[in-house]
Structures are given as structure tokens and as C-alpha cells.
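Enquirer: Generate the whole structure from the sequences, applying the supplied hints.
Protein sequence lines, in the order shown, are assigned to chains A and W.
Throughout the first sequence, residue numbering follows this note's numbering, covering 21 to 362 in sequence.
Throughout the second sequence, residue numbering follows this note's numbering, covering 21 to 362 in sequence.
Please note that a few of the clues may not be correct.
Same chains, same label: a pair holds when it works inside one copy or across any pair of copies.
[Said to hold, decoys possible] Under the rule of at most 27 Å between Cα atoms (straight-line distance), these lysine-lysine pairs were calculated in the DSSO-like manner:
1. 127 / 70
2. 70 / 80
3. 256 / 218
4. 127 / 47
5. 59 / 33
6. 67 / 80
7. 110 / 84
8. 112 / 127
9. 359 / 261
10. 155 / 67
11. 359 / 288
12. 159 / 29
13. 23 / 127
14. 358 / 256
15. 229 / 261
16. 155 / 110
17. 159 / 59
18. 23 / 155
Derived by calculation from the structure, the hints in this document are not laboratory data.
Protein chains: 2
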Amino acid sequence: MEKVHVSLKDLAKELKISISSVSRALKNHPDISPELAQKVQELARQKNYKPNPYAIRLLKHESKTIGIVIPDIVTYFYASVISGIESYTKEKGYSIVISSSQESYQKEQNIIENLLNLRVDGLIVCLSQETADYKHFDKILEDNTPLVFFDRVCRTSEISSVVADNFEAARNVTRHFYENGCTRIAFINGPNHLNISKERLAGYIEGLKDCGLKISNDLLASCNMTPEGAKVATQKLLALKVKPDAILSINDTVAFSAMKEVKRRGYKIPDDIAFVGFTDEFHASIVDPELTSVMHPTFEMGQEAARLLINQLESKTPGTPRQVVMKTTLVVRDSSIKKQKK
Amino acid sequence: MEKVHVSLKDLAKELKISISSVSRALKNHPDISPELAQKVQELARQKNYKPNPYAIRLLKHESKTIGIVIPDIVTYFYASVISGIESYTKEKGYSIVISSSQESYQKEQNIIENLLNLRVDGLIVCLSQETADYKHFDKILEDNTPLVFFDRVCRTSEISSVVADNFEAARNVTRHFYENGCTRIAFINGPNHLNISKERLAGYIEGLKDCGLKISNDLLASCNMTPEGAKVATQKLLALKVKPDAILSINDTVAFSAMKEVKRRGYKIPDDIAFVGFTDEFHASIVDPELTSVMHPTFEMGQEAARLLINQLESKTPGTPRQVVMKTTLVVRDSSIKKQKK
DNA sequence: CTGAAAGCGCTAACAT
DNA sequence: ATGTTAGCGCTTTCAG
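Expert: Shown next, in the form of C-alpha cells:
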């Protein structure tokens, strides 16, 4: 029943040669006779020898493993980024260990500690929604464990990160609304302390300025990015005396929920209220009307984060932190194009 | 720059005692003086000692790691099952390494080989869509690596698995359609060789019999479960002289795509064509009309798969393979309730 | 109660 | 070209 794997020792015994000869033969070391190499490799194949990775990790002090910390696996955006990370790391011979914080600051800390104890070679992290304090990353830095953030980031002057062009994207969307006849553009934002919220808010405001529209606090709502939170935020906006004629949402999930509530209350999308979301997940083109959304290159963001990390890992030197800003594209669908412009 | 971790040796040197005493002190071994234990633990905490997991894995021949093979991470169902697996394994002190086959038979084989080479303690697998040959699992069995399948399974007489009550669920849905006035009930199925396709098809047919409806090949379509495949299948059904008045879809994603096509062609849902999907992912209640769906206890399925695996792992004995069938629930929403029954 | 020693599987410097 | 040895960090007999 016990798993039993053949070791170099086994091969050596069988061939009546030393372990080091076997080791060398297997990796085609320069000074080994071709015949021996041949013979050893033959036997190794036949007995299905596989090196024990743990012996190597112990010896080399590296695990060829990367830890990933995300708020939640069951979210298109994160799953898709992971998919990009997986593709790049697999190519480079690294394994990934994934843990989700479930948007909890406490769990995020625990997970990071676990991953560090596992001695991963590096970490790729997206902050939990609750995380507003960044001291726990000191431990990682002191540890000299390379770290890269994506999407929800912090301490960017010390730590590399991959983010979307949130400011530009939000500014663009605001103009897009204006060009389509919207003048009361609302924004359902995420928690204020997150960089994505801040940057998108700034872009939204800049966009309003570009269009000569006035900034109104009434048109701003924050939510915890859950469907329920989005619903409440939407209700707040719909309670205004003068209702918004457009709603920008911090992500597609929030947009979906808001749209549902808006439709339930009898308003027409986009004619009464136009919609734009962030991410452009698969379902954006499935909902009714189809949702205009800021397309994030999620897979590429994952690849890029992995690339940054592995570069750092393999170049041993600390290097200067890099902040990679990925370009997004506004994918225009029905939800933002009013048939009857005012 | 190099990561440097303190070892038992370091602690021993500092305290001028032997490594084995340190080791014992740290795990509160019975025969160690309380004072020494105290002192050692103090120093360990202070110097932030953490055991090197790779040394232990080498010694114990176990990795406390479980490999997960899924068709695709960016799919609600799999992500959600993983989430359940993660929750259970974390509790039990195991890490998970996730790899996706991207529905490719070739990749599935490679991944499994990699995971085996990594010496994971066990594997949880959902077959790729292309997988119709199951010989590659011999390697795992020979290896004595415990294995559990979920959802898309094979060789259930030898290997434990967790599945939904596909037959009963499909039969139920068919009756549900009939009770709501549908008599030409179509089924957009997945690839024929998959157990989920076979079981749901059998349930569908049984349901038709229950209702005294006749079975027609015209009303059966297969697809590869992509949105595009679903669209093509839908077009085939809509091309019939006598169109279906209900469509059962192998999963929600297929249903979403089919609904989109049906609406695009000007048919009303549910009055012209009623819809039911499988999974009940989040978006089922976001689409318009909201989709009736067979709710899978995804998180629990993951937990159960992990439980089966870890039981097997820790009880060392092979044990008899178990097939756990999880109960589903039909969540009725607008898409299947015709306002005007015929 | 504590220490010495062997060994998990592997690599690499050091012989020969 | 091949063998010997030491050692990565840890646990666990075995001695004392």
C-alpha cells in the first residue's frame, strides 16, 4: 500500500556503481562515459525513476513554488488572472499554491504566514477588501521573499505591482456617457480605501470636469462589491429627486445587480439609465441588455504578475520595484447607448 | 538578499545543547525538562524559528499536499468546488496545488504526471471534456496515490467519486416542464461519452416516459458546452418545423447562450420556449428572465471530495471505493413558468 | 533527561 | 571517468 519510489541509491545498487555516478549520468554531466550514461538512463526509465523534489528543495533552498493570495476564487476576474499566472509559471517550471482570503484581513494574514512557512519562493497577492493596514507585508520583505501585487495594491514604491489604467478608464467611460447624452452620471464605487476605488473615482471626476458637468455627492455611492451591497447603493441612487441617467459601477458584478434592481423598479436600460461596468467578464454579453464594460486583460495581467515575480526571483538582486499599468479597452454594448438622446 | 531561516542547529548552537534536545523541546516531548522546553521555545519564538517543511517531507515521505485537476478555473462550478476543497483541506493542514487541463486530454495527462512527480499525497480530479480513455489513471493507482473524482468521473467501481444526482435531477426537470405546459421538451446535452451527459439524458428520457411524451431525436442536440457550441445547437433546434417549447441545457452557461440566441430570434422566454439549466451559478438570477436551474451543492461537493480523499490518505488501507451522490434542488425562477399555459 | 548517530534523497566539492 | 564524503534540516532510535 505504501508508495514506494526508486531512488538513486536503488539504481546505484542495481548497477553496482556509486550514487554520484548515477546522479551524473542522469544529468549528462560532462565527465561521465557515454556507455555508463546510456546504461543508467536506460535503467532509470525502466524502473520509472523520478527525482524526489523535496530532497532537492532541501538542498537548494528553493521550492519552485509560488504562493497566490486572492480575495476569492469564485470570481471571474481572479480566476482569470490565476489562469494567466498558471500559464506563465507552468512554462517556467513553477507550481502554484492558491489560497483565498475570502475578503478577510485576518485570513489574509494567516494565509500569508502559512505560505511563508511553506517556504514558497515568492508571492502574488491581491489585497482583501478589508485590508487597510499593510504592516503584515513587512514580514515578507524582511524574509526577502519576492512579492508582487495585482489589482488591489499597496506600498507601490517598495513593491512591484500590476494594475489596470483605472484613472484613464474611468475618465473615458464618463466621457462616453456624456457623448451618449448622459448628464447625471452616478458612480457606485467600492470601499474608499482601495486603490481601485480611489483611482476610478479620480478618473470619473476628471471626466466630469472634461465634460463640464458638475460633481455631486448625491451621485456617489459606495458598496462592498457584493450583489446585496450593490442593490442597496442602487436604491439610494433611485431615491434621489432627480435620478441619475447613467450609472458607472466599480465592477460587472455590481453592475449586474444594479441593473437588476433598476429593471425591477421599472426603469429602462439604457434609455432611462445607461450602464457601464469594469472587468468585462463573460456574462457582460449575456445579460439583457448587454453590458458595456471596461475590458481588463485579465489573463495577461496574471502572466505579467508572474513574469515580474519570476524575474525578481531569478535575478537574486532586489531590483527597483516596477508598477506595470495594463491598458484597458471600453467594450461598447447596448447598455450605454441610448436610442433616444435628449 | 538570500533568504536565511534559522534551523534547529542554530538554536542548538546558541543554547549549547544538542539538536535533538531542541527538536524534542519544541514538540513537548514527554522526557524533556520543563525548564529546557521553556527556554528553547522562548528562543525559537524570538528568533522566529519555523520548521523547514521540505526536510520533514523528505523524512516522512509525505507532502501534506493535494493535487487538483480541473478542466478550467474560470468556470463558476469548478471554482466553487475548489473553494469547498480548499476549506476542508486547510482545516486538515493540507495545501492544494491546482492545475487546469483546459479541457484537453493531452494536458490532463501531463498535469497528472507533473503532480505525481511533485509527490502530492493524493489527487482530486474532474475529467477534461476530451477524456474518453482512462488508462492514464493506471499510473496513479500503481503509484498507490489516492484518487477521488468529482462530477465527470470514470472507473467508479475502483475509484471513489462525488457526483450529483444527475438522473433524478434531469427526470425531475422534465416533469417540471410538463407540469408547466411543455410537451416538446428539447435537451442540449454535452459530449456523449461523459457520465454527466449520459446520466442526464437517461433522466430526461425517463421523465418524458413518466409524462407520456414521446422521445424524439429531433429534440436532442449535443454541444461542447461552450457558448458558441450552445448557439449552434440552439439554431439546430430552432430550425425544426415544429419548434421545441422547452429547452433543458446541460449547464447554465449553455442555457445562457441558448437563451440569448432564442431571444435574438424573437422568441419569448418562457412563453414560447421555457428554460432550465444545471448548476445554478450566481448569474442564473441575473439574466433576464431569471433562469430556473438545478442547484448543485458545489461547495459541499468539494468538501466531500476532500473528505473522501483525506480519509483514504490517513487510513492507509485501500478501502472500498465510495460513490457519493449529492442531492440537488430545482430552483424555480421565471424562465420555466409559462404565463399562458396551453 | 540529554546527546550521539543514522538516515530520508540528492548534489557537489574533493579525492583518486 | 568514477568513488568518497559531507551536508541540506529534521526525526528517531539507541546509548548513556
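Enquirer: Hints first: check each against the structure and report whether it holds.
Expert: Consistency of the hints with the structure:
1. 127 / 70: between (36 Å within a copy, 20 Å between copies)
2. 70 / 80: both (17 Å within a copy, 17 Å between copies)
3. 256 / 218: within (21 Å within a copy, 49 Å between copies)
4. 127 / 47: Only across copies: residue 127 and residue 47 sit 26 Å apart there, 42 Å inside one copy, limit 27 Å.
5. 59 / 33: The answer is within: 13 Å in one copy meets 27 Å, while 45 Å across copies does not.
6. 67 / 80: Both, since 26 Å and 22 Å are each at most 27 Å.
7. 110 / 84: Intra 10 Å, inter 21 Å, cutoff 27 Å: intra and inter.
8. 112 / 127: between (29 Å within a copy, 16 Å between copies)
9. 359 / 261: Close inside one copy (24 Å), not across copies (35 Å); limit 27 Å.
10. 155 / 67: between (51 Å within a copy, 19 Å between copies)
11. 359 / 288: Result: close both inside a copy and across copies, 11 Å intra and 22 Å inter.
12. 159 / 29: between (40 Å within a copy, 23 Å between copies)
13. 23 / 127: The answer is between: 24 Å across copies meets 27 Å, while 34 Å in one copy does not.
14. 358 / 256: within (23 Å within a copy, 33 Å between copies)
15. 229 / 261: within (23 Å within a copy, 57 Å between copies)
16. 155 / 110: between (31 Å within a copy, 24 Å between copies)
17. 159 / 59: between (49 Å within a copy, 24 Å between copies)
18. 23 / 155: between (43 Å within a copy, 19 Å between copies)
Consistency note: the structure conflicts with none of the earlier hints.
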